[in-house]
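**Q** Residue numbers (our numbering), protein chains in the order written: chain A, 93 to 395; chain B, 702 to 982; chain C, 822 to 1165.
Check each hint, because a few of them may be wrong.
What the hints assert, rightly or not - Covered, in the sense of this in silico footprint (three residues per stretch, anywhere, with C-beta under 8 Å from a C-beta of chain C), are these stretches of chain B:
| id | stretch |
| --- | --- |
| 1 | 764-771 |
| 2 | 786-794 |
| 3 | 818-824 |
Said to hold, decoys possible - Simulated restraints on C-beta separations:
| id | chain 1 | residue 1 | chain 2 | residue 2 | range |
| --- | --- | --- | --- | --- | --- |
| 4 | C | L1148 | B | H923 | 52 to 58 Å |
| 5 | C | T1132 | A | L186 | 48 to 54 Å |
| 6 | B | R906 | C | L1148 | 32 to 38 Å |
Simulated from the structure, these hints should not be mistaken for lab results.
Yeah, the Cβ is synthetic: ideal placement off N, Cα and C, and Gly gets one too.
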Amino acid sequence: MAWRNMQIKSVFWMLGWLCGLTLLGGCARHSSAGHKTGPRVVSTVPAATQILLQIGAAKTIVGVSPWDKPLLPQSMRNLPVVGNYLHLDEELVLQLAPTALLLQESPDRIPGGIVAMARNNGIHIVNVHLTTFHQLYRTTMVLGKISGFEKRAGIKIQALKAQLERLAAGRPQKPPRVVYIIAVNPVRVVGADNFMDEEVTLAGGVNVAQRCGEGFPVITRETLVQLDPQVLLIAAPGQPAVTGPGDPRVASWFTLPIAAAYSRHIDLITWRRAQMLTLQVGSIIKRLRKIIEYSGFDRSVLK
Amino acid sequence: METMIYNDIPFPGEAAGTVVLAAQGVSFYYGSNRPAVEAVTASFKAGELTMIVGPNGSGKSTLLQLLLGHLVPAAGKITAGSTDITHLRPLARAALISYVPQNPEVSFAYRVHELVAMGAWARQRYLSSSSTTSTRASIDAHVITQVMWDLDIHALADRTYDELSTGERQRVALARAMVQDTPVILLDEPSAALDIWHQLELMERVKYLARHKHKTVLWVTHDLNSAFANADEVLILNEAKVVAHGKPRDVLVPSILEPVYRVKVEVCNNTLLFSLRPRQG
Amino acid sequence: MKMITTGRFQTIMVSAIAVTVLVFMLCLAIGPGAPGSRAIAIGFPPSDILQLRLTRVGAAAIAGAALGLAGVLLQGLLRNPLADPFVLGISSGSTVGVMAWIVFGEALSESCSGHPWLEELLANGQAIPALAGAGAATWLVFLLGRRRGGMLDPMTLILSGVVISTIGGALVMLLNNLVPYGARADILDYMFGYISEGTSHTLVWLALLAFLAAWAGALTLGGAMNIASLSDAEAHSLGIKLSSLRFSSFALAALATAASITVAGPIGFVGLISPHVCRGLFGPDHRQLLITSPLSAAIFLMLSDTFVRSTGAWFNGELPVGVITALCGGPFFLYLLTRRRTWM
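Just chain A, with the same shape it has in the complex (with noise of 0.2 Å):
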């Protein structure tokens, strides 16, 4: 079970890992305008790469998965696509004479071909982990210091701080039981030690799965019935958001005996980057906030 739920904990914010990207790298290659001084950073984790954007470092990304491309502004879209760690275009990496290599995968996993490369052109591989708070803090630091933006990360990690402590004083005296459901078939949701907890939590609600497992456990609805959360989030990325509880995405949840279907309090979570850990999880935590306080929502079913 370890390995499938370490590939489910990756899973949200990089997309497969399984398999190449033949068709989609192939479409998008540059040669690199010669080689520029300064750092020169080639991403294939889109969090890491929205983070660097965040602290400013954009200019200093030459290179791309294929998965960030339309996270990017307009204006960096045509940036190369390198493919992703196991299938990685290495001439078009030597090509473009990166300083930094981010990739997602423990160290002891990343092909040898991969760390030769990078050792015999002075290119430093960033394993970039995502699934804590504090390992955002200690990335953005990481990525800080690899661009040359470290002030700036740091101005923007205490910012976050600040925010997150805000956000953390202003919690509910009783917050209701939440379950934030990320997958459906089978349903998988948001469990123990993972960001997506923590961010249920500042978010003013009580992620009641906690007690289901770490990670991302699979639970059956019978486990649902029981766990009775008063408001239930179903994770829909870049779908329409609810039409109203004969939507057929959330109809047969209300069909559970659950104080969320009780009170109406079943959700979509429709924007694309809910999953992913960056420096705005400050503004997804205010988002899931508003969700959670929805004024529909009847507390009187609160026991």
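Position chains B and C against the provided structure of chain A, taking the given hints into account.
**A** Relative to the frame of chain A, chains B and C by itself:
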């Protein structure tokens, strides 16, 4: 064993000497251009044991499968009575012709009694609408037991197929054909793996079926002396064609056999003696 | 001499049905304990929970029985004890269907708006695309598996199935590359197979109907399937029309597999093992296998699924049911294998 009467099969009558099965200009090709059977015309009569002989690859087994209706001729036709056998319903054909292959195959570990009982399946299906089904089933159970005694496999009834020797397997296939109890019986080297006692036993049994039950029996063999001694008719095939068809004493003669088998043949005391010809040059 | 008598048939059939019903009840009474505890709750549940369990145990029973039936039909058809519903590329087809749904489903949903029943079915997740994919793969294998003259040929069928499986795998990988960032990789979960309480009741009833239809059809083939275990010529001489028998077996197996994929996705191993176990226990007679194999497969899958359903707390979340079917079924299968000399 009583003989069943079937209403809609072209059962040609039991009188000895009636033509039951006939091939008219039958040819067959296995993909390539070389025919496996070419323009074979022959007829087989009730009450006769016809033995089919010929060198390896002469088309004996193919002819048998054509007569069975398993292979469909590329040219010519095969008739049972007056009906083309390709037009027969499978169940009706199973009531008319039974078949014992050279190498019986079974994919799962059936027990001997189950395999023998398969011979009665078509008949039971065929008659399932009639009121006599249960009577028939008990008669079949009796027949199955009898045949297993006759072919000396009664003691093997509860063995699975993979526990049997080749000879025992051959006897199981024979027993199934006997249970099928059809007017026409096609045997493809049925005694090849049998010991001498079982060979002689089988020959007596088959001769009895032909002479007294008026069955039409076609027997493919390599044993020319057995054909010489036992057959009513002998059909000699060579290179896909019929070389001779007639009484054993008329066709199993050196002038016919020597070019077919490329050996020297002498007849001595009603026995055929074979020897290799001295190499020429 | 012992014959398979009507009496023995009836005993086997009645006891198999009785055990299936008992296991069904037992599975309804077992469930996960309170969240956070590792206990398993045993007892009659409140009615709302019972509703959930009924759907899930029922779906497991249908999926298992359908797999057991398809296994017998295909092993008989292909004369190959290693055949199962997924050797023919059917599971790979369903995975391609689901993957295509993940990639193109959004656009498809939009084009279907305005047809409420279609919308509802599509919203019910992966069953429909899975069926479409499985159907396409089955049809392809069927077309490829015919010899000249139109008769299905066992060896050609198996080879076509293997090739279709491989092509399906490649398509899954190709589609995987097209998955937009932010979409979930549901495919991982799908490929293991799972049974959900959330399965639409319409789908469960449809699957039950499809399975019962396939079963009723298959029960008439038992005697002919026995004889078709002989060589082609022998089967032919005994009155079997092989072309139509093979077509029926294939079509009924495809229908049963469809029923199972509808409610459970591609769960492997059950369809392979249950005909074997029943052959080992009661003999190779297909008239008996066609009854015992579906029922024993239903029992096996109900128990396996109840285990994973009740033990989420032991394994940091529910295990895929395929893990248990392989882990429990495998050793039992090996035990039977060593106990008997041959498995022909």
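**Q** Hint by hint, say whether it matches the structure.
**A** Taking the hints in turn, this is what the structure says about them:
no.: 1; hint: 764-771; result: holds (count 4)
no.: 2; hint: 786-794; result: holds (count 3)
no.: 3; hint: 818-824; result: holds (count 5)
no.: 4; hint: L1148(C) - H923(B): 52 to 58 Å; result: 55 Å, holds
no.: 5; hint: T1132(C) - L186(A): 48 to 54 Å; result: 50 Å, holds
no.: 6; hint: R906(B) - L1148(C): 32 to 38 Å; result: 55 Å, violated
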